[in-house]
Amino acid sequence: MARIYLDNAAIEIPIFNANSRSLKSKLIQLASGGKLFTDTSGRITVRALENLTFSINDGERVGLVGHNGAGKSTLLRLLNGVYTPTHGQIHSQGQVTSLIDISLGIDHEATGRENIYLRGALLGLNKKEIYAKLDEIISFSELGDFIDMPVRTYSSGMHLRLAFSVSTLINPEILLMDEWLSVGDENFKHKAEVRMHELLESTKILVLASHSRQLIEKTCSRVLWLEHGKIKMDGPVEVVTKMYFG
Amino acid sequence: MSSYFELRKNIALAILLGSQDIKGRYRRSVIGPFWLTISMSILISCIGIIFGQMFQTPDNTYIVFLSAGIIFWNFFTGVLNEGCIAFINSEKIIRQLPIPLFVHIFRLIWRNLLVLIHNILIFPMILVFSDIDIGLEAFLALLGLLLVSINLAWTSMLLALICTRYRDLPQVIASLLQVSFYLTPIIWLPSMLSERLGQSLYFFNPFFHFLEIIRSPLMGQTPDPSSWVFSAATGFLGCLFTFLIFKRLHGRVVYWL
Chain A
0 MARIYLDNAA IEIPIFNANS RSLKSKLIQL ASGGKLFTDT SGRITVRALE
50 NLTFSINDGE RVGLVGHNGA GKSTLLRLLN GVYTPTHGQI HSQGQVTSLI
100 DISLGIDHEA TGRENIYLRG ALLGLNKKEI YAKLDEIISF SELGDFIDMP
150 VRTYSSGMHL RLAFSVSTLI NPEILLMDEW LSVGDENFKH KAEVRMHELL
200 ESTKILVLAS HSRQLIEKTC SRVLWLEHGK IKMDGPVEVV TKMYFG
Chain B
0 MSSYFELRKN IALAILLGSQ DIKGRYRRSV IGPFWLTISM SILISCIGII
50 FGQMFQTPDN TYIVFLSAGI IFWNFFTGVL NEGCIAFINS EKIIRQLPIP
100 LFVHIFRLIW RNLLVLIHNI LIFPMILVFS DIDIGLEAFL ALLGLLLVSI
150 NLAWTSMLLA LICTRYRDLP QVIASLLQVS FYLTPIIWLP SMLSERLGQS
200 LYFFNPFFHF LEIIRSPLMG QTPDPSSWVF SAATGFLGCL FTFLIFKRLH
250 GRVVYWL
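Protein chains in written order, with numbering that gives the first Met the number 0: chain A, 0 to 245; chain B, 0 to 256.
Check each hint, because a few of them may be wrong.
[As the list claims (entries may be wrong)] Some chain B residues near chain A, calculated using beta-carbon distances under 10 Å: (1) 16; (2) 26; (3) 249; (4) 253.
Please keep in mind that the hints were generated in silico from the structure rather than gathered at the bench.
Please read these numbers as outputs of a predicted model, since none were measured by experiment.
Beta carbons are placed, not taken as given, at the ideal position from N, Cα and C, and that holds for glycine.
Using the sequences and the accompanying hints, generate a full structural model.
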């Protein structure tokens, strides 16, 4: 049973300029009673998300739409636990995995094989689990003997194939994605597509941020439309996409 | 039970990342991390030759004292200096994945332990040249190292937190550590100071106690019980304090990055 429930959750990101970030200005502020530095002492914050209340239940495929800066990525980070809400609460049940930056943690000097362990560990797999899937990952990535070469010798396509092959070997209950993962040449693209669909089949909740109408209509059942950190519309895919994309 | 597995997994992740750091640092170098051993030997022999002449000690005690002191001091400062920038350096991971923050601290402690292992190789060689006999009590040094590591862990956890918010602090810490090097008996012997000055300098210097519980057993001496008590007490209280602070503030770190 997977479930996400947001109760009036908001995220305010403080912006530190060089002044307010240093200890010295804090001390000067204390000494001068805060008068001299009123411009820096009033902390500037950005309200990235405002008073979001909604829940996502088992089986839902939610698309996130909105213009750049509407808060889609921030919401995804809130859902995967990177951000804790500055106001309100978030309750989520179920193991969350985000496929937002699939290259995160890849060390260019290390070999492909070492990187499988690194990337796998960052995704929450233990050594045994990775070892058990090692052959599958290597054959899926089609890297062959290159797997024992440093990643910096890889072409960008090979690099992505490696990252993709490791990152999609998880079985999350809640899957978060920022745009669809598509990698490689035609042949690999097809394989990757199949793998992605298997992944979607096995997850209980999907939250996918995208600018592509086609993708949203194909994958999602419900769409959240964010604007300036607030929900502008929340409803079935047909209704919201019609309003948003026109 | 599941939280136990979580913990084990996170420690394994920290160890993997820490080992990878060392591997990465010495990749494509022929003797790799043994450069650490070599440069440490050079440092110890240079200081040892000059100051050893100045402080004529019987049985070559000085060189043993010096090498144990420098090797472990190197470990302390490594952990603390890297602790200051632990969260800042892991910004990418912290902003993408909800991995517990202690993983980044464990990673650097593990990395510095690996460095320590390479440096400590010098010690037995130096011991052979001296007339000091050490017995089984030397293993007490391991207990000392454990206790000190606990202290370094909470300190760097706290430093990492504060330094993420106030970016000037790493520089402050670095210069404080540099001063502490001279205030702590490492290149000079405790017996060289007058009783009164010495005692106040030792008693309020945590580094003295931390070094004492590791270095003395390695020199065949018994550390003063007060150093054990000091280290155990700061370890316990510090961990408690850090835990409470992080319970309140752990969610803020990502906003400060």
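Going down the list of hints, with the structure as the test:
no., hint, in the structure
1, 16, "holds (7 Å)"
2, 26, "holds (5 Å)"
3, 249, "holds (8 Å)"
4, 253, "holds (6 Å)"
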